[in-house]
Amino acid sequence: MVCCNVMISSLAQQGRLDDARAVFDRLPANDRDVVSWTALFHAYAVNDRLEEAAFVFFRDMPDKNLVSWNAMAAAYARAGHTAEARAILDQMPGHNVVSLTLMFHIAVQGGRLEQARSLFDDMTLGKDLVAWNAMIGAYAQNGQATEALLLYRDMHVQGMDPDDVTMSSILAAYSRLGRVEAGREHFVSMPVDHGIKPVEEHYACMVDVLGRAGELVAAEELLATFPFHPS
RNA sequence: AUACGUUA
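Note that the working numbering has the first sequence beginning at 647, numbered continuously upward.
In short, the hints are calculated from the structure, not lab data. Possibly wrong hints are sitting among the right ones.
If you anchor each label on the Cβ, the simulated ranges turn out as follows [as the list claims (entries may be wrong)]: (1) D768 x V713: 18 to 28 Å; (2) M647 x A850: 24 to 34 Å; (3) Q660 x Q755: 23 to 33 Å; (4) V845 x E867: 37 to 47 Å; (5) S656 x H741: 47 to 57 Å; (6) L862 x V648: 24 to 34 Å; (7) G726 x S656: 22 to 32 Å; (8) G661 x F704: 49 to 59 Å.
By construction, the Cβ of each residue, glycine as well, lies at the ideal position given by its N, Cα and C atoms.
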């Protein structure tokens, strides 16, 4: 049964919604647990079939847990249906750090960065890496690149290790600030200081740093050094 | 690797 649930979600990721549904249907009713149901409606949601996801969630699922509530709220939030997302978050029996990150995300979507910051600051119980990344990314993309860098420092001070997502936001912040040298320094120190090898996305960010500063030749040179790896 | 939140 566990393996069927895995199949449902991985088929959904590949966009093979019908196959995911078939695996679910083949599962005996007694073997369908809350994870199977959540994987099923999430499959609809990530394939832009929000209505059907909602039907499964509200009408078909026998039981819900924190993860399924979060997943439904996230589906609405992703689709830009913030009112529905909010409603789910208000109705659900409890919240965890994922729910709070969703609320955070809705606030950012609405341009309420101060409110988002308050939500972030109040996450005292379990401010995890995703939450940090969300806050740093929100600043980096909303004209507060300096705040993003300050928060990155805080993150360090609090002993939270950054990941590849963090790095993209930091490079984006340097880009917006036009800080070419700092950006370059960060880019080369990523693998040494944090064990994070730059991937395509980081190269793209770095090209942006150089491009915005008008260093087009350097940008081209960087692209030429990009180590291709087929997948 | 059983389902949820973060980065053009």
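For each hint, the structure was consulted:
In this structure the supplied range 18 to 28 Å holds for D768 paired with V713, their Cβ-Cβ distance being about 22 Å. Between M647 and A850 the C-beta distance comes to about 41 Å, which lies outside the given range of 24 to 34 Å. The beta-carbon spacing between Q660 and Q755, approximately 28 Å, falls within the hinted interval of 23 to 33 Å. A beta carbon spacing of about 18 Å between V845 and E867 contradicts the range 37 to 47 Å that was offered as a hint.
For the pair S656 and H741, the beta carbons lie near 28 Å from each other, so the given range of 47 to 57 Å is not met. One distance hint, 24 to 34 Å for the beta-carbon pair L862 and V648, is violated here, with the actual separation near 52 Å. Against the hinted window of 22 to 32 Å, the Cβ-Cβ separation of G726 and S656 comes to about 26 Å, which satisfies the hint. Taking the beta carbon of each, G661 and F704 are about 24 Å apart, not inside 49 to 59 Å as hinted.
Comparing the model with each earlier hint shows violations of hints 2, 4, 5, 6, 8; every other hint is respected.
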